[in-house]
Amino acid sequence: MNAASPAPRRPRVRAPELVGAGGWLNTGGEELSLAALRGRIVILDFWTFCCVNCLHVLDELRELEEKHRDTTVIVGVHSPKFVHEAEHQAVVDAVERYEVHHPVLDDPELVTWKQYAVRAWPTLVVVDPEGYVVAQHAGEGHAHALEALVSELEAEHEAKGTLRRGDTPYVAPEPVAGELRFPGKALALPGGGYLVSDTTRHQLVELAADGETVVRRIGTGERGFGDSPARFSEPQGLALLPDGRVAVADTVNHALRVYDPETHEVGTLAGTGRQWWQGAATEGPAREVALSSPWDLAWFADRLWVAMAGVHQLWAYDPAAGTVGVAAGTTNEGLVDGPAAEAWFAQPSGLAAAEDRLWVADSETSALRYVERDGDGFAVRTAVGTGLFDFGHRDGDAAQALFQHPLGVTALPDGSVAVADTYNHALRRYDPATGQVTTLATDLREPSDAVLDGDDIVVVESARHRLTRLRLPEEAVRVESVAHRARREATEVAPGELLLDVVFHAPAGQKLDTRYGPSTRLLVSATPPELLAEGAGAGTDLARRVVFADGVGEGVLHVSAMAASCDDDPANEYPACHVHQQDWGVPVRVVPGGADRLPLVLAGLDTA
7 MNAASPAPRR PRVRAPELVG AGGWLNTGGE ELSLAALRGR IVILDFWTFC CVNCLHVLDE
67 LRELEEKHRD TTVIVGVHSP KFVHEAEHQA VVDAVERYEV HHPVLDDPEL VTWKQYAVRA
127 WPTLVVVDPE GYVVAQHAGE GHAHALEALV SELEAEHEAK GTLRRGDTPY VAPEPVAGEL
187 RFPGKALALP GGGYLVSDTT RHQLVELAAD GETVVRRIGT GERGFGDSPA RFSEPQGLAL
247 LPDGRVAVAD TVNHALRVYD PETHEVGTLA GTGRQWWQGA ATEGPAREVA LSSPWDLAWF
307 ADRLWVAMAG VHQLWAYDPA AGTVGVAAGT TNEGLVDGPA AEAWFAQPSG LAAAEDRLWV
367 ADSETSALRY VERDGDGFAV RTAVGTGLFD FGHRDGDAAQ ALFQHPLGVT ALPDGSVAVA
427 DTYNHALRRY DPATGQVTTL ATDLREPSDA VLDGDDIVVV ESARHRLTRL RLPEEAVRVE
487 SVAHRARREA TEVAPGELLL DVVFHAPAGQ KLDTRYGPST RLLVSATPPE LLAEGAGAGT
547 DLARRVVFAD GVGEGVLHVS AMAASCDDDP ANEYPACHVH QQDWGVPVRV VPGGADRLPL
607 VLAGLDTA
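If you're matching positions, the sequence shown starts at 7 in our numbering and goes up one per residue.
It is possible that some hints are incorrect.
[Claimed, not checked] In silico EDC-like pairs for lysine to aspartate or glutamate, Cα to Cα no more than 20 angstroms straight-line:
{"#": "1", "residue 1": "K120", "residue 2": "E495"}
{"#": "2", "residue 1": "K73", "residue 2": "E162"}
{"#": "3", "residue 1": "K73", "residue 2": "E153"}
{"#": "4", "residue 1": "K73", "residue 2": "E164"}
{"#": "5", "residue 1": "K120", "residue 2": "E23"}
{"#": "6", "residue 1": "K517", "residue 2": "D612"}
{"#": "7", "residue 1": "K73", "residue 2": "E160"}
{"#": "8", "residue 1": "K517", "residue 2": "D547"}
{"#": "9", "residue 1": "K166", "residue 2": "D76"}
{"#": "10", "residue 1": "K517", "residue 2": "E158"}
{"#": "11", "residue 1": "K517", "residue 2": "E579"}
{"#": "12", "residue 1": "K120", "residue 2": "E498"}
{"#": "13", "residue 1": "K120", "residue 2": "D612"}
{"#": "14", "residue 1": "K73", "residue 2": "E158"}
{"#": "15", "residue 1": "K517", "residue 2": "D573"}
{"#": "16", "residue 1": "K166", "residue 2": "E136"}
{"#": "17", "residue 1": "K73", "residue 2": "E105"}
{"#": "18", "residue 1": "K517", "residue 2": "D575"}
{"#": "19", "residue 1": "K517", "residue 2": "E153"}
{"#": "20", "residue 1": "K73", "residue 2": "D173"}
{"#": "21", "residue 1": "K517", "residue 2": "D574"}
[Stated by the list, open to error] Derived CB-CB ranges, DEER-like:
{"#": "22", "residue 1": "P535", "residue 2": "S487", "range": "25 to 31 angstroms"}
{"#": "23", "residue 1": "E72", "residue 2": "P534", "range": "45 to 51 angstroms"}
{"#": "24", "residue 1": "V558", "residue 2": "R603", "range": "16 to 22 angstroms"}
{"#": "25", "residue 1": "G402", "residue 2": "E268", "range": "43 to 49 angstroms"}
{"#": "26", "residue 1": "V558", "residue 2": "R20", "range": "37 to 43 angstroms"}
{"#": "27", "residue 1": "D382", "residue 2": "K120", "range": "48 to 54 angstroms"}
Because the hints were derived from the structure by calculation, they are not lab data.
Values in this document were obtained by computation on a predicted structure and should not be read as measured data.
Each residue gets a CB set at the ideal place from its N, CA and C atoms; glycine is no exception.
Construct the complete structure from the given sequences, taking the supplied hints into account.
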């Protein structure tokens with residue numbers, strides 16, 4: 007099919023029922039079903055809480071959810087990638103942590119995911135009031151299209167008498183008291199005590215040296231973007247600047263903020279408050295360049311380095327020049343080492359500066375990586391980790407050691423590093439001198455960061471809502487090794503040629519923006535690279551034929567697609583335009599009789 011063709015007449019596809027062994031959250035204990043929601047527009051949001059793109063979509067949906075709450079019900083379908091994400095309590099925690107204000111189905115065995123043939127996180131599926139699937143969107147940037155579709159469905163089914171207005175089935179959980187709620191990162195202050203990002207409460211909290219007593223709170227506690235009064239939106243990383251101020255990764259505001267511990271004033275260093283999209287500036291005056299979910303910060307090589315989780319890159323802020331720009335990474339998601347400009351990351355979420363290295367917790371590849379000087383530039387290397395779908399808890403030689411979605415890293419005095427191995431609930435250690443990985447502590451709950459305090463290490467136990475002080479042990483804890491692969495089943499494909507077909511239909515009232523050249527982009531690669539004999543690389547056609555090499559039986563296809571559409575109104579000289587984009591990592595197994603076409607829906611429905 008022509009992937010960029012106008013949307014065809016909507017086919018009538020009955021939506022499968024919603025099934026999940028973990029049951030329902032945010033419903034007050036009630037079981038929901040599509041049959042019970044008949045008469046309402048239902049948007050299914052297939053997400054998993056490790057995925058930063060899924061978190062972006064949660065934020066994109068907030069306005070639509072509020073505006074159409076009497077006609078439209080958003081249902082989150084939690085579909086785990088990592089083993090930890092299949093734990094019910096972890097899903098309960100994530101729903102509170104990210105302020106999900108709609109019903110959520112916990113589907114740990116991916117039953118509903120498979121019924122809807124979903125291939126990527128995040129994916130949105132729209133079900134009309136009569137129970138039929140009418141649209142599917144993968145990735146981010148679809149809020150405008152969904153708004154238009156919901157308005158169209160409201161009018162259509164109001165006229166037919168099949169629209170049923172009513173209250174939302176969402177039931178808020180009881181609030182929980184405590185000084186911290188899902189803290190993200192911490193910083194030891196030069197004058198004593200700690201500064202902590204109290205992420206879910208949108209504040210910074212200064213604690214006394216005991217790590218418990220609150221000295222002051224910074225920020226109103228209401229989600230927002232402002233300096234006076236100070237407002238944050240899910241802040242994360244903290245870093246001490248040479249002038250004594252503290253830089254703050256204001257994650258959901260897509261900005262870098264600054265806090266002065268002396269005056270207690272808050273300012274803004276970088277970012278516009280809007281999310282960076284493909285095609286936007288990648289360097290320039292710091293307050294004029296958009297960022298994307300900055301997660302952690304570290305001062306290294308005379309710059310403030312930024313773990314830009316939302317675009318799988320590292321950026322750097324130069325306070326002397328007042329500029330910000332890309333320092334490493336291509337925006338492709340994966341694990342590729344080499345010169346900084348060519349490296350691939352996967353949601354980098356933790357940074358720690360040592361004398362000659364910048365350590366990186368690369369969460370989606372469950373990897374520990376580092377940046378070091380290489381001639382006049384920088385290079386990226388991997389210490390521990392192999393790729394997007396391998397993870398576990400295994401100590402020993404770095405070549406076979408495993409982490410599970412680490413979010414933090416801390417440089418230790420002896421040159422080794424401590425890793426907040428978040429989904430293993432552990433604190434791990436990697437020693438570059440011996441190449442060995444060991445376990446320092448277990449029975450932590452989603453540790454997300456750690457800071458040194460003399461002979462102790464203070465761990466941010468995010469899901470226990472506290473700081474926990476540990477003595478650095480001389481002997482490592484012994485644990486039973488376990489290795490995992492991602493829970494997704496591999497797609498069976500036929501040997502030889504495969505049609506890779508990215509489906510995109512411009513939303514109603516829009517058309518592809520071809521005023522300045524092609525408005526679509528497709529980038530294809532594979533792990534291992536030898537999987538593809540032909541078809542890797544960049545192009546503008548959303549359909550491509552790739553050829554599998556002989557003798558390579560399985561691997562992962564990495565597909566990145568982008569399409570830009572604009573309002574189709576000849577009378578409007580400056581039409582509004584929207585970018586739709588998604589990255590897929592598709593595990594494949596080459597077998598006789600496998601599929602010779604792989605459809606990936608960016609927007610619309612696959613009718614081929």
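Outcome of the hint check:
no. : hint                              : result
1   : K120 <-> E495                     : holds (10 angstroms)
2   : K73 <-> E162                      : holds (18 angstroms)
3   : K73 <-> E153                      : holds (9 angstroms)
4   : K73 <-> E164                      : holds (17 angstroms)
5   : K120 <-> E23                      : holds (12 angstroms)
6   : K517 <-> D612                     : holds (18 angstroms)
7   : K73 <-> E160                      : holds (12 angstroms)
8   : K517 <-> D547                     : holds (16 angstroms)
9   : K166 <-> D76                      : holds (17 angstroms)
10  : K517 <-> E158                     : holds (17 angstroms)
11  : K517 <-> E579                     : holds (15 angstroms)
12  : K120 <-> E498                     : holds (14 angstroms)
13  : K120 <-> D612                     : holds (16 angstroms)
14  : K73 <-> E158                      : holds (14 angstroms)
15  : K517 <-> D573                     : holds (6 angstroms)
16  : K166 <-> E136                     : holds (11 angstroms)
17  : K73 <-> E105                      : holds (17 angstroms)
18  : K517 <-> D575                     : holds (9 angstroms)
19  : K517 <-> E153                     : holds (16 angstroms)
20  : K73 <-> D173                      : holds (13 angstroms)
21  : K517 <-> D574                     : holds (6 angstroms)
22  : P535 <-> S487: 25 to 31 angstroms : holds (29 angstroms)
23  : E72 <-> P534: 45 to 51 angstroms  : holds (46 angstroms)
24  : V558 <-> R603: 16 to 22 angstroms : holds (20 angstroms)
25  : G402 <-> E268: 43 to 49 angstroms : holds (47 angstroms)
26  : V558 <-> R20: 37 to 43 angstroms  : holds (39 angstroms)
27  : D382 <-> K120: 48 to 54 angstroms : holds (50 angstroms)
Checked against the numbered hints above, the structure breaks none of them.
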